[in-house]
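Enquirer: Listed below, chain by chain, are the residues.
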Amino acid sequence: MNAKTRVAAIEGWYTLEDPPHLIGSRCCSCGSYFFPRLGSYCRNPACDGTTFAEVKLSRTGRIWSYTNACYQPPPPFVAAEPFVPFAIAAVELAAERMIVLGQVVAGVTVAQLKVGMPVELVLESLYAEGDEERLVWKWKPLEPRP
Amino acid sequence: MSREVAILGVGMHPWGKWGRNFVEYGVHAARAALKDAAVPWPDVQFISGAATMRCGYPGYVAGATFAQALGWQGAQVNTSYAACASGSQALAAARAQILSGACELALVVGADTTPKGFLAPMAGYRPEDPDWVRFHLGITNPTYFALYARRRMELYGATVADFTAVKVKNAAHGAANPNARYRKRFTPAEVMESAMVADPLRLLHVCATSDGGAAVVLASLDYARRHNLRAPRLAAISTVTPRFASTEVEMPDIATDSAAVAPGHSFRASIAAHAYEEAGIGPEELSLAEVYDLAASLELDWYEHLGLCEAGGAEALLRSGATAVGGRLPVNPSGGLACFGEAVPAQALAQVCELVWQLRGQAAERQVANARVGISANQGLFGHASAVIVKV
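Taken in sequence, the protein lines are chains R and Z. According to the numbering used here, the first sequence holds residues 1 to 146 in order. According to the numbering used here, the second sequence holds residues 1 to 392 in order.
No wet-lab data here; the hints were simulated from the structure. A couple of the hints might just be wrong.
[As the list claims (entries may be wrong)] Computed list of lysine to any residue pairs in SDA-like fashion (alpha-carbon distance at most 25 Å, straight line):
1) 114(R) <-> 195(Z)
2) 140(R) <-> 130(Z)
3) 116(Z) <-> 81(R)
[Claimed, not checked] If you want the footprint, here are the derived chain Z segments under chain R, 3+ residues with CB under 8 Å:
4) 190-204
5) 257-264
[Stated by the list, open to error] Heads up, incomplete: computed chain Z residues facing chain R, CB under 7 Å, no partners named:
6) 123
7) 127
8) 138
9) 140
A quick note: this is a predicted structure, and the numbers were derived from the prediction, not measured. Note that CB positions come from ideal geometry on N, CA and C, so glycine has one too.
Pulled out of the complex, with its shape left as it was, chain R reads as follows (with noise of 0.2 Å):
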């Protein structure tokens, strides 16, 4: 059986390596982080910076909330015949002072989930299309540390 290529489902919004980051953007000017990333202006009102760094979000951070879907989502979701329910976290990244949004890995149930629990970015499969499977970011409980 052939493995299938691993492509992004969304290009350029984050790296493909082990461990894998979201790529966002840090003005060069005033130092906000932007997750998609910005290129020509600074969205901060006070600051008028034209130039940014890219710069990889931190990759762990805690749960703000989080919920599911039950029913499949419209297009452009591309749902699994049959379609499998999953978790949705919204997550607080400590150094950015963001909340980035993401499915939760596979498998874990909001039943597993906590307000303040600890996950890690990873990839997973969003969908698989022909010998490519897209890939995306999604977040993964952290093993609880012995």
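Chain R is fixed; fit chain Z onto it per the hints.
Expert: Leaving out everything else, chain Z in the frame of chain R:
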């Protein structure tokens, strides 16, 4: 100089899933509002339409479409698009024309025909559009409602029973409203038996999408005086944007602003604050509120964002019965979105219609006793505030 204008008349086409062209609903509502105001259509000098956007294009330019349907008569025209806040923007455009002296009589119309199921964006590969990205990831509108609901449970000890109580309350209000789509009372058990949509929210906690139309006739205070009309006054419209850094994750965004170098702000708390400042009144003077209960749990957030109680006090306020008709400060006496479902460009105007009927004492079984001041609150996708204060 007063910044108030008179609301001479209001009208609606009943909400439902009628499946007809939205122009029909808009004309029905407009004619009802003109009749209510006792104003002939040819006298209207400015028509302001609230537009809807389906599949990424406006489809119709609403202002002129309504004007043509009512019969071209040369009025100046405006079309506003701001998703759920479209109605308030159209209202604000009409008010500005009147206050500037450019006209003294204006008609504002919003109407919509909605598709079945989830509202969803245009197809294709469009990663530059955050609305496309979040749907691609499977993040629908109820996802956001549920994230806020879970947050309330965590921070303030809200329970699913509280969300259910909001639905049961609003369903009871709407049961007597002839314009509501759903006029059925629900028991808590029936709500809890409905299917889970986005944990902890079930189908009966989340609003539907509906067809409907609403219209408002505005006039200068001078016009109302000359024609000897006693009318409620439009005292404030808030259409503010968020402030950077906006720290609550807002539909349709994937991420919030970063508060790393700028102070964090709550968008929804700023919406009513601006309206109160403009009207020169505070929440203690309110008789009622119409708020955007896209999900039952969001009504509780609005209690706090409107200053009806402190942060974390919404559940106690609800449980006290204060926000039911007959209570101290009824919220959503119309039945709210729980009973209407959302007809996007008409909804903010429908809220104003209810405030006006309440302030004129014409709300029948759902009448709030001695109603003198009402506020509406709503929010349009991408950062459009919408709050309106009406007073007698």
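Enquirer: It remains to establish, for every hint, whether it holds in the given structure.
Expert: Do the hints match the structure? See the list:
no. : hint              : result
1   : 114(R) <-> 195(Z) : 22 Å, holds
2   : 140(R) <-> 130(Z) : 23 Å, holds
3   : 116(Z) <-> 81(R)  : 21 Å, holds
4   : 190-204           : holds (count 7)
5   : 257-264           : holds (count 7)
6   : 123               : 6 Å, holds
7   : 127               : 5 Å, holds
8   : 138               : 4 Å, holds
9   : 140               : 5 Å, holds
When the structure is compared with the earlier hints, no violation turns up for any of them.
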